[in-house]
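Colleague: Same order as they appear, the protein sequences are chains W and P.
Residue numbering for the first sequence is 111 to 484, as defined by the working numbering.
Residue numbering for the second sequence is 111 to 484, as defined by the working numbering.
Certain hints may be false.
If chains are identical, the list can't say which one is meant, so a pair holds when it fits in one copy or spans any two.
Stated by the list, open to error - Quick list of in silico lysine-lysine cross-link-like pairs, DSSO-like style, CA-CA up to 27 Å:
hint	residue 1	residue 2
1	K399	K154
2	K199	K360
3	K478	K401
4	K154	K432
5	K154	K196
6	K126	K467
7	K432	K199
8	K227	K432
Bear in mind the hints are in silico, worked out from the structure with no lab data behind them.
Protein chains: 2
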Amino acid sequence: MLDFSFKVLNKDKNSKARRGRIKTRRGEIETPIFMPVGTVGSVKGLTPDDLNDLGAQIILGNTYHLFLRPGLALLDDFGGLHDFMKWDKPILTDSGGFQVFSLADLRNIKEEGVTFKSHINGSKLFISPEISMKIQASINSEIVMAFDECPPDPRDHKYIENSIERTTRWLNRCKTTIKDGQALFGINQGGIFTDLRLRHLEQIVELDLPGYAIGGLSVGETNEEMYEVLDNITYKFPENKPRYLMGVGKPEDILEGIESGVDMFDCVMPTRNARNGQLFTWNGRVNIKRKDFEFDHDPIDKECNCYTCRNFSKAYLRHLFKAHEILLYRLLSIHNLHFYLDLVEKSREKIEDGSFKEWKAKVIDKIKERVTKD
Amino acid sequence: MLDFSFKVLNKDKNSKARRGRIKTRRGEIETPIFMPVGTVGSVKGLTPDDLNDLGAQIILGNTYHLFLRPGLALLDDFGGLHDFMKWDKPILTDSGGFQVFSLADLRNIKEEGVTFKSHINGSKLFISPEISMKIQASINSEIVMAFDECPPDPRDHKYIENSIERTTRWLNRCKTTIKDGQALFGINQGGIFTDLRLRHLEQIVELDLPGYAIGGLSVGETNEEMYEVLDNITYKFPENKPRYLMGVGKPEDILEGIESGVDMFDCVMPTRNARNGQLFTWNGRVNIKRKDFEFDHDPIDKECNCYTCRNFSKAYLRHLFKAHEILLYRLLSIHNLHFYLDLVEKSREKIEDGSFKEWKAKVIDKIKERVTKD
Numbered sequence: 111m112l113d114f115s116f117k118v119l120n121k122d123k124n125s126k127a128r129r130g131r132i133k134t135r136r137g138e139i140e141t142p143i144f145m146p147v148g149t150v151g152s153v154k155g156l157t158p159d160d161l162n163d164l165g166a167q168i169i170l171g172n173t174y175h176l177f178l179r180p181g182l183a184l185l186d187d188f189g190g191l192h193d194f195m196k197w198d199k200p201i202l203t204d205s206g207g208f209q210v211f212s213l214a215d216l217r218n219i220k221e222e223g224v225t226f227k228s229h230i231n232g233s234k235l236f237i238s239p240e241i242s243m244k245i246q247a248s249i250n251s252e253i254v255m256a257f258d259e260c261p262p263d264p265r266d267h268k269y270i271e272n273s274i275e276r277t278t279r280w281l282n283r284c285k286t287t288i289k290d291g292q293a294l295f296g297i298n299q300g301g302i303f304t305d306l307r308l309r310h311l312e313q314i315v316e317l318d319l320p321g322y323a324i325g326g327l328s329v330g331e332t333n334e335e336m337y338e339v340l341d342n343i344t345y346k347f348p349e350n351k352p353r354y355l356m357g358v359g360k361p362e363d364i365l366e367g368i369e370s371g372v373d374m375f376d377c378v379m380p381t382r383n384a385r386n387g388q389l390f391t392w393n394g395r396v397n398i399k400r401k402d403f404e405f406d407h408d409p410i411d412k413e414c415n416c417y418t419c420r421n422f423s424k425a426y427l428r429h430l431f432k433a434h435e436i437l438l439y440r441l442l443s444i445h446n447l448h449f450y451l452d453l454v455e456k457s458r459e460k461i462e463d464g465s466f467k468e469w470k471a472k473v474i475d476k477i478k479e480r481v482t483k484d
Numbered sequence: 111m112l113d114f115s116f117k118v119l120n121k122d123k124n125s126k127a128r129r130g131r132i133k134t135r136r137g138e139i140e141t142p143i144f145m146p147v148g149t150v151g152s153v154k155g156l157t158p159d160d161l162n163d164l165g166a167q168i169i170l171g172n173t174y175h176l177f178l179r180p181g182l183a184l185l186d187d188f189g190g191l192h193d194f195m196k197w198d199k200p201i202l203t204d205s206g207g208f209q210v211f212s213l214a215d216l217r218n219i220k221e222e223g224v225t226f227k228s229h230i231n232g233s234k235l236f237i238s239p240e241i242s243m244k245i246q247a248s249i250n251s252e253i254v255m256a257f258d259e260c261p262p263d264p265r266d267h268k269y270i271e272n273s274i275e276r277t278t279r280w281l282n283r284c285k286t287t288i289k290d291g292q293a294l295f296g297i298n299q300g301g302i303f304t305d306l307r308l309r310h311l312e313q314i315v316e317l318d319l320p321g322y323a324i325g326g327l328s329v330g331e332t333n334e335e336m337y338e339v340l341d342n343i344t345y346k347f348p349e350n351k352p353r354y355l356m357g358v359g360k361p362e363d364i365l366e367g368i369e370s371g372v373d374m375f376d377c378v379m380p381t382r383n384a385r386n387g388q389l390f391t392w393n394g395r396v397n398i399k400r401k402d403f404e405f406d407h408d409p410i411d412k413e414c415n416c417y418t419c420r421n422f423s424k425a426y427l428r429h430l431f432k433a434h435e436i437l438l439y440r441l442l443s444i445h446n447l448h449f450y451l452d453l454v455e456k457s458r459e460k461i462e463d464g465s466f467k468e469w470k471a472k473v474i475d476k477i478k479e480r481v482t483k484d
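Next up, chain W with everything else stripped away, as it sits in the complex (with noise of 0.2 Å):
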């Protein structure tokens, strides 16, 4: 029995920005939602209470890495990710094939799947559609992506019209041997051609799966072909069905997909940038190398209230990346963390108001603004 639903509660006036909530067999899910990233079993540098204290609502766990590592005997013998990592909300799990086309070395595609070897050592693997599922049945997560390809070049239209076929295929067999219990969404590819994109979304929508997703973007495409697409394409998406945008991206692209009809985001900029010492504000993205901050007593952003701008001045982070110590990976991605939801429950309240277009058009200019200046 599938324990899973989802329901548009409002829409903005201007834009087809909707507002939402997903209903899983563990807990809600309010939309439009951001997933903080948990690659290998834990979000970097954050137990499962730092992630309640940012009030994170579902996170997104690799099927790839935790495939390679705990691997399935050991997700199996504590009945999945939850336990093991002590995470009780949803967790979403992508299907290993992003990883597999850009991380793992030596592909050899087929009907079949896909054989690999492991970055890690080297060791030759295979994943298929079926043992994604597997792996993922394993994870047993509330949320169940399928496994797709994700061609090289997003331009390559002759090589996307073939692919888009196999991912149907593939999305085929997937329903076939998903678990029951979990929510399988399936997952539209098509490049930056809005005409294969809408073809392949008709043949995968014929499935009346529980969710949809759009694939195979911010792989290499600029930002202007990323937003046509995702305006040419999204309100075309199932009404009823939530959409998730796979692995996007900057604080301007989730306000551009949020616009657009978008419902679930993923990325793993707010703790990767964190570990750079990059951070995320109302005003932009700032460095906390800066000379100029040296001094500075002020918080890194005065209107945040996240755990760090509480209690931490940006000379002492400053401070703490100069001597490498280890405290300020988390206390930024506690900061980046907190901006990336502030983000998207701010765009939340904005929709349910109607204001969200207006808004957005304001917002997006402030970031854009520091950006430059940076």
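Given chain W, work out where chain P should sit, using these hints.
Modeller: Below, chain P alone, put in the same frame as chain W:
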């Protein structure tokens, strides 16, 4: 005005162990106490909230490291380390002597002070008793350690005999320049030689300082040599002043020190060993890497009520170690510091009820048993 006092509250029936209380301008410290080490302005991986949750009563800052980074200008700008790192309880700072003599390159020791090269960028630096007091004034610690010479070999009688005279002269200069409001502790040197230790002790006790430390141990001598020195000299330290055994040590060393009458301890072991996966428990030391922990659902120590043991399994922690996830360092540091703080808390209880010596004999055996098994 110095707001600093020490009182012995209880004595153990069958040993020299004592239970006391230090009062400082930033609160009280129950002794015997262990001080977590915050080398460069953070106890690695932990926030002040983590330390408060652990029941830490005082932490140690390293003068040498803080002199290099963040440096005096920044410390002065924040009025000291407390506000900079947001720790509002007492801080003890070492004098920088130990690091100058162990970490820095190309030392040149003269009566005036020591010239050396920074271990970070090779720049030429100079620390004298006056400069050590000035740095510690900028850190604004509650307890300031005198700048002493740390002889390279604890068994070189001739060298040490000259060295203790210089350390006494340097101590006089420290006393002249100590900032009002900070409590200066003198450091007893003398290697493994009871005669030199006692001769030096007599010299420094004449200055009637707020507290006294035992330096130059745990630097290459055997455990037995160290315990013998402790046993021969500690009880001859002033009864009404706190006694601090610097940089020591293993859990068993701390119990031996307490039995000899020591009140204060610090050591990097709980946090440093955590980063290598080594854990302290009431059943001895274990490494989280152990193959037999792979599927172990139990916490590190079932009796332990630290955050890590209340929440996570050995299997999960082992996975974090294998996957190099930075969350591990925080979780294991929490467990190890909890153990050390628990060790001194239990010691205080046992001294209060007069059963410390018997309890210690039992505990030390348990620890040793598991260590040899590992």
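Colleague: For each hint, tell me whether it holds in the structure or not.
Modeller: Hints, verified against the model:
Within a single copy, K399 and K154 get their C-alpha atoms as close as 21 Å, and across copies as close as 20 Å, so both meet the 27 Å cut-off. Taking the shortest Cα distances, K199 and K360 sit within 27 Å of each other inside one copy (25 Å), while across copies they are farther apart (40 Å). Taking CA atoms no more than 27 Å apart as the test, K478 paired with K401 passes inside one copy only; the shortest distance there is 22 Å, against 51 Å between copies. Proximity of K154 and K432 under a CA criterion of 27 Å is satisfied in both settings, with 20 Å inside one chain copy and 14 Å between copies.
In this assembly of identical chains, K154 and K196 lie within 27 Å of each other by CA distance both inside one copy and across copies; the values are 14 Å within and 24 Å between. With identical chains, the CA atoms of K126 and K467 are at most 27 Å apart within one copy only, with a shortest distance of 9 Å there and 75 Å across copies. In this assembly of identical chains, the alpha carbons of K432 and K199 lie at most 27 Å apart only when taken from different copies (25 Å versus 36 Å within one copy). Taking the shortest Cα distances, K227 and K432 sit within 27 Å of each other only across copies (19 Å), while inside one copy they are farther apart (37 Å).
Every hint from the earlier list agrees with this structure, and none is contradicted.
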